[in-house]
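As given, the protein sequences belong to chains A and B, one line each in that order. According to numbering that gives the first Met the number 0, the stretch in the first sequence is residues 0 to 303, in order. According to numbering that gives the first Met the number 0, the stretch in the second sequence is residues 0 to 514, in order.
Don't read these hints as lab results, they were simulated from the structure. Don't take every hint at face value.
Once the Cα atoms are required to be at most 16 Å apart in a straight line, the calculated EDC-like pairs of lysine to aspartate or glutamate come out as [stated by the list, open to error]:
1. B:K303 - B:D320
2. B:K251 - A:D199
3. A:K27 - B:D252
4. A:K59 - B:E477
5. B:K251 - A:D202
6. B:K303 - B:E321
7. B:K486 - B:D427
8. B:K260 - A:D230
9. B:K251 - A:D230
10. B:K260 - A:E234
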Amino acid sequence: MTDSRLRRTMLYVPGNMPSMLQNVPLFKCDSVILDLEDAVNYAEKDAARNLVRRFLSTWKERDKEVLVRINPLHTEWGRDDLAAILPEMPDAIRLPMCETAEQALELDAELTQYESAQGLATGRFAILPSIETVKSVLNAYAIATSSKRIFGLAFGAEDYTASMGIARTNSGEDLMHPRMMIVMAAKAAGIQAIDTVFSDVGDMDALRRETELVKRLGYTGKCLVNPRQIDIIHEVFAPKQEEIDYAQEVVEAIRQAHESGTGVASLRGRMVDAPIVKRALHTLRAAYAQGLTDTPVDEEILHG
Amino acid sequence: MARNSLGREIPEIFNGKRYIPYRDPHAIEPETFHFQRASRVLKRNYSGSSKVVGGLREAIVASGLKDGMTISTHHHLRNGDRLLNDLVREIDALGIRDIKIASSSIHIVHAELIPYIRKGVITALECGVNGPIGEQISKGELTCPIVVRSHGGRARSVISGEVPIDVAFLAAPCCDEYGNFNGFYGPSACGSLGYALVDAQYARKVVAVTDHLVPYPALPFSVAQNIVDIVATVDSLGDPRKIVSSTTQLTKDPMGLLIAKYAATVIDSSGYLKNGFSFQTGTGGISLAVAGHVRDMMRARRIKGSFGCGGITGFFVDMLDEGLFEGLFDVQCFDLKAVESIGRNRKHQEMSAGLYANPFNMGAVVNRLDCAILSATEIDVDFNVNVNTESSGLLLHNTGGHCDVAKGAKVSIIVCPSIRGRLPMVRDEVTTITTPGETVGVVVTERGIAVNDHLPELKAELIRRRAPVKDIHDLRDEIYAATGAPKPVEFTDEVVGLIEYLDGTIIDTVRTVRA
Numbered sequence: 000m001t002d003s004r005l006r007r008t009m010l011y012v013p014g015n016m017p018s019m020l021q022n023v024p025l026f027k028c029d030s031v032i033l034d035l036e037d038a039v040n041y042a043e044k045d046a047a048r049n050l051v052r053r054f055l056s057t058w059k060e061r062d063k064e065v066l067v068r069i070n071p072l073h074t075e076w077g078r079d080d081l082a083a084i085l086p087e088m089p090d091a092i093r094l095p096m097c098e099t100a101e102q103a104l105e106l107d108a109e110l111t112q113y114e115s116a117q118g119l120a121t122g123r124f125a126i127l128p129s130i131e132t133v134k135s136v137l138n139a140y141a142i143a144t145s146s147k148r149i150f151g152l153a154f155g156a157e158d159y160t161a162s163m164g165i166a167r168t169n170s171g172e173d174l175m176h177p178r179m180m181i182v183m184a185a186k187a188a189g190i191q192a193i194d195t196v197f198s199d200v201g202d203m204d205a206l207r208r209e210t211e212l213v214k215r216l217g218y219t220g221k222c223l224v225n226p227r228q229i230d231i232i233h234e235v236f237a238p239k240q241e242e243i244d245y246a247q248e249v250v251e252a253i254r255q256a257h258e259s260g261t262g263v264a265s266l267r268g269r270m271v272d273a274p275i276v277k278r279a280l281h282t283l284r285a286a287y288a289q290g291l292t293d294t295p296v297d298e299e300i301l302h303g
Numbered sequence: 000m001a002r003n004s005l006g007r008e009i010p011e012i013f014n015g016k017r018y019i020p021y022r023d024p025h026a027i028e029p030e031t032f033h034f035q036r037a038s039r040v041l042k043r044n045y046s047g048s049s050k051v052v053g054g055l056r057e058a059i060v061a062s063g064l065k066d067g068m069t070i071s072t073h074h075h076l077r078n079g080d081r082l083l084n085d086l087v088r089e090i091d092a093l094g095i096r097d098i099k100i101a102s103s104s105i106h107i108v109h110a111e112l113i114p115y116i117r118k119g120v121i122t123a124l125e126c127g128v129n130g131p132i133g134e135q136i137s138k139g140e141l142t143c144p145i146v147v148r149s150h151g152g153r154a155r156s157v158i159s160g161e162v163p164i165d166v167a168f169l170a171a172p173c174c175d176e177y178g179n180f181n182g183f184y185g186p187s188a189c190g191s192l193g194y195a196l197v198d199a200q201y202a203r204k205v206v207a208v209t210d211h212l213v214p215y216p217a218l219p220f221s222v223a224q225n226i227v228d229i230v231a232t233v234d235s236l237g238d239p240r241k242i243v244s245s246t247t248q249l250t251k252d253p254m255g256l257l258i259a260k261y262a263a264t265v266i267d268s269s270g271y272l273k274n275g276f277s278f279q280t281g282t283g284g285i286s287l288a289v290a291g292h293v294r295d296m297m298r299a300r301r302i303k304g305s306f307g308c309g310g311i312t313g314f315f316v317d318m319l320d321e322g323l324f325e326g327l328f329d330v331q332c333f334d335l336k337a338v339e340s341i342g343r344n345r346k347h348q349e350m351s352a353g354l355y356a357n358p359f360n361m362g363a364v365v366n367r368l369d370c371a372i373l374s375a376t377e378i379d380v381d382f383n384v385n386v387n388t389e390s391s392g393l394l395l396h397n398t399g400g401h402c403d404v405a406k407g408a409k410v411s412i413i414v415c416p417s418i419r420g421r422l423p424m425v426r427d428e429v430t431t432i433t434t435p436g437e438t439v440g441v442v443v444t445e446r447g448i449a450v451n452d453h454l455p456e457l458k459a460e461l462i463r464r465r466a467p468v469k470d471i472h473d474l475r476d477e478i479y480a481a482t483g484a485p486k487p488v489e490f491t492d493e494v495v496g497l498i499e500y501l502d503g504t505i506i507d508t509v510r511t512v513r514a
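Work out the full structure, taking the sequences as your base and the hints as a guide.
Right, here's the structure in full:
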């Protein structure tokens, strides 16, 4: 799925906490992941599912992307989660513990069935698979390319380190290899790479360092568990002024090219084509979201 | 009963005194109303002998305190104060009755006074209260007429003689035998004596009460020997560790942090955040988080502010020490770090409540404020703010400097969560009006920012920055959509207290809650 929506911050909110759910519309993250899986203990699975469904039914003016992390489809709750949640029209389903392309396709089939039954466009619901075991890291490219609904791969470090039998550290060497594997698989598939949560909410400096690292690796966003982390992640993903200037030049060059009837332009002696324009638009989207530019991005410019 | 300009029914006479209903923030000109400065009889003391008369009881006797008189204390030790409780116990033991208390504030610790109110030792409160006394008065369980005043309003009423203080018993943490004293040192050091400075100047008799008598002279003095009549010694004035009025930690609550971020955006958009910037904020996690943003912006842009003001916290002290402000004006210290600072740094200036906020003088410090952060228990769609009562209708909080600062500062910013305990905090009408809406600049909640009409440029700038600016009616509607419209509290017709505006007019009343 060639979806370049801004997803710098994907905030987990436990599905069984009304006090946090009621504030979801107010958080300034790009996406919210309402969690029915790990944040909710067995005894509260039904209650959380009802609460999330009711919350979504009252949240009419959604200003951010909404994902629901369901329980895996092989558990006793997975299909009930889908049945309860899909009528409230989340944007996407986060699929935990996705280890193979077949598991992604299984969810894809469920979604297709629901969409056709309801007369919705196929692909209305997107999928964000969690790459969080050694096996899923090794299968990352197959998973990434298994369904058109998949707009990105999301790394989950806690389960990954458990599946490796190692402890997670704040320095991150232990995660270097899976991070590289996932971002390469995602880029090869033309989708986004979203990094794992940083769970030490007391250490904002380490959060900043980790976010800077994954940005350098090619990740475009990060999951998080505490809203206090949003601002720092946004700051890290904010483009630099020279990047904004260049992106604006790219957009202007391609606009002029379109006016003269061609889809390719030249800027500073280099060819400007669709991938470069896409990256420029992403830069400008991030710049606008961060308040660094005053004009919203003209998404039509790519197509002339 | 008369109706004031905000539609509140005000008794013309309360507890034997005549009051003027509130009209607007500029209605009362002291010259037109022939206000005078309070005078007291000139006295002489040619003796150089010690003024120490003994303990509290001896001091009460020596002061000539009689039935029907008015006394005062200061509240610099806040909830750690022991003096007022000990004093009233001694007054009762001496058989004196019908005493009015005109202290600068009364705290939860002073719930010990309740039996003496029932007994008739205390028959009126010429000051606002925090905690159980107000609660019981609001419930009709305790009878004691009460007039709530702001810090500036209280200074005005004492200076003009509207509230004549017969004897001021002033806790003096570091005092000599001839009556020089300060609050900087000693076991009960509370720092600034800003409220006491007014009483020391205008009370008919001044008693310095100390638990730390030092050899003459106690320097530097805040109150000097020439206006002190009597010195009394006690074991302890109280516990300065309880000065801290609320939290001194920045909030970690995500909604509180969101409010603080919006408030910081308002300050940044006001145009005043540049060299010479002046700022006031209180205690509490949100206010401190705003101060944190202000500090970071000043650091990053190398801004040198002119002054920080108000009740001073360690946070402001750090900003002063870092060179972010030229100085601090301190009417009261809110924590022990501020106490320590005022004793060592001449740029941390003690300030009397009159200098701080008395509206009837040649210029209060609040007039020089650019931006101020203020709190609220409720806000209405006309920007009127309540800080005295809660949505239960109970009188639980004193005004502090709220209406003084709102009127003085160029941009007064109210920070308040939109919902507390399932109740909406932005409402059609507030339970009690403390501060009139026309003196309020901006209301900041986690659901959005409402800008009052008199600041159109600030509003435009906030919109330009894509801050969540909302009409205050829309903000109310959004909150009501979550909470429902609140059911009004039912009150009786019995007026048990007045809320005085800083100019002495009556902006609202306190009535007993119908059980």
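Of the numbered hints stated earlier in the document, which are not met by this structure?
none
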